[in-house]
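Sequences are here, hints too, so could you generate the full structure?
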Amino acid sequence: MSKKKVITFLSIIAILSVCACAIIISGKMNQSQQGICTKVINTSDEYDDGIFFMPYKAKHSGHYIVRVNYWPDEDPGVLTGFFLNDKDGNRLVGATAQKLMFESKSFYMEKGEYKLVFQIIKNNEQYLDFYNTHLLDDFEFSPWDGFRETTMLMDYEVIFERSPEDYMPVLYLLFGVCGMAIAFILILSFIRGKTTKANFDERMLAGRLASESKGFWVMITALIILFLLSAADTDFHVETSVIFFFVLLLGVTVNAVSSVFRDGYFALNDNKKRFVISISILALGNLAVSVFYIVKGKVLVDGTVTMGVIPILLFLALTAILISIACKENAETRED
Amino acid sequence: MKNLRLKAARAGKDMSQDDLAKACGVSRQTINAIEKGDYNPTVNLCIAICKVLDKTLDELFWEE
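For the record, the sequence lines run as chains H and C.
FYI, the numbering for the first sequence is 1024 to 1359, going by our numbering.
FYI, the numbering for the second sequence is 43 to 106, going by our numbering.
In short, the hints are calculated from the structure, not lab data.
One or more of the hints may lead you astray.
[Claimed, not checked] The list that follows gives simulated cross-link-like pairs (lysine-lysine, DSBU-like), each with its CA atoms no further than 30 Å apart:
1) Lys1351(H) x Lys44(C)
2) Lys78(C) x Lys1351(H)
3) Lys97(C) x Lys78(C)
4) Lys1321(H) x Lys1128(H)
5) Lys1295(H) x Lys64(C)
6) Lys1319(H) x Lys1110(H)
[Unchecked claim] Partial list, computed: chain C residues near chain H (C-beta under 8 Å):
7) Gly67
8) Val68
9) Ser69
10) Ala75
11) Thr84
12) Leu87
Computed from a predicted structure; not experimentally measured.
For glycine and all other residues, C-beta sits at the position ideal for the given N, C-alpha and C.
This is the structure we're talking about:
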């Protein structure tokens, strides 16, 4: 490997490390959140309106944050706190604050039923204090009606429809990226031997350019179709990240296949045999992971295609490249 | 249009497409495409081919 390549590789690792450290230090671990599907069944006869409960997935840590909003509709009151207990009554997390929106600390949640306990103070003085401090001027209802001198406990039964996915922490992800980069460079070195600089002649370069253009436009077209379908409220039953990964992979695969047919995929100094062996091993690896995910039921969860489908997509893309190489070789053999 | 003059010149030197390609620093497919008339080479590549085959540009690439 040349000195320039080593410096480039180390620079990429350094940038990734700095980004990861910056994310950890700045406390952004829980900032990228995504609401998850839950079914909340009200088991109390009172105050079912105005309370909104939503667990949020704290992506980087793999834990959850529970957010509770209380917007009293008819009966005034102050939500002073909430607790989340498991089925046996053990407290998992709680929060108390004089705000309309509470957010718990991140904690681990599994699929199951939980008891959500709200404490709503129907006290005149407390409410007025709260009103003067926090509510906006244009708040609609009058604070003078319907006060009660009671403390009410409201129980909500929470059923998680989806199992929480285990997201790798940022550092694990960083190591994963580094590992993949090293593997990629090793494979590239293995394919090209001692020479790392790829040599393409003018016709190959023209072919590569045309293929890249084709891949780009396929990707743009797929994105436009995707946005049009999204605008028509089409439910794909596929995770958003998977859709965008598919679009990206589609563009890359079209580029690769087109490049193979235009003689622009392999450089003059590439070892085609080694390349085919490497790609075949990668394809088989992805196939093995795909079978494992399918058996474990990680591809389709509650009718939604999850990230577990990615090895299958990679396997299909690599197979498409291998088939195109085989077709091209066959055509050339016949030509000769 | 097929470039039969190039093919003849190559055969005259007893070179295969692969030999000519290696001597010019291009792929065998590129030489094949030029001979079949599927690809119009740049002047640089034409000159490189002419040098290897000891021919002039007119002799190999000029169309009457």
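Results for each hint:
For the proposed pair Lys1351(H) and Lys44(C), the alpha carbon gap of about 22 Å is at most 30 Å, so the pair holds. Among the hinted pairs, Lys78(C) with Lys1351(H) is consistent with the structure: their alpha-carbon atoms are about 17 Å apart, no more than 30 Å. Taking the CA atoms of Lys97(C) and Lys78(C), the gap is near 19 Å; set against the 30 Å cutoff, the hint holds. Only pairs whose Cα atoms come within 30 Å are accepted, and Lys1321(H) paired with Lys1128(H) is accepted, the gap being roughly 28 Å.
With a C-alpha separation of about 16 Å, the suggested pairing of Lys1295(H) with Lys64(C) holds against the 30 Å cut-off. The hinted pair formed by Lys1319(H) and Lys1110(H) meets the criterion: a straight-line CA distance of about 27 Å does not exceed 30 Å. Checking Gly67(C) against chain H by beta carbon gives a least distance of about 7 Å; that is within 8 Å, so the hint holds. For Val68(C), the interface hint holds, since its Cβ comes within 8 Å of a Cβ in chain H; the closest pair sits about 4 Å apart.
Here the hint on Ser69(C) is kept, as its CB sits about 6 Å from the closest CB of chain H, short of 8 Å. The criterion of a C-beta within 8 Å of any C-beta in chain H is met by Ala75(C), whose closest approach is roughly 6 Å, and the hint holds. Below 8 Å, beta-carbon pairs count as interface contacts, and Thr84(C) has one with chain H at about 6 Å; its hint therefore holds. Because the beta carbon of Leu87(C) sits about 6 Å from the nearest beta carbon in chain H, less than 8 Å, this interface hint is met.
Comparing the model with each numbered hint stated earlier shows that all of them hold.
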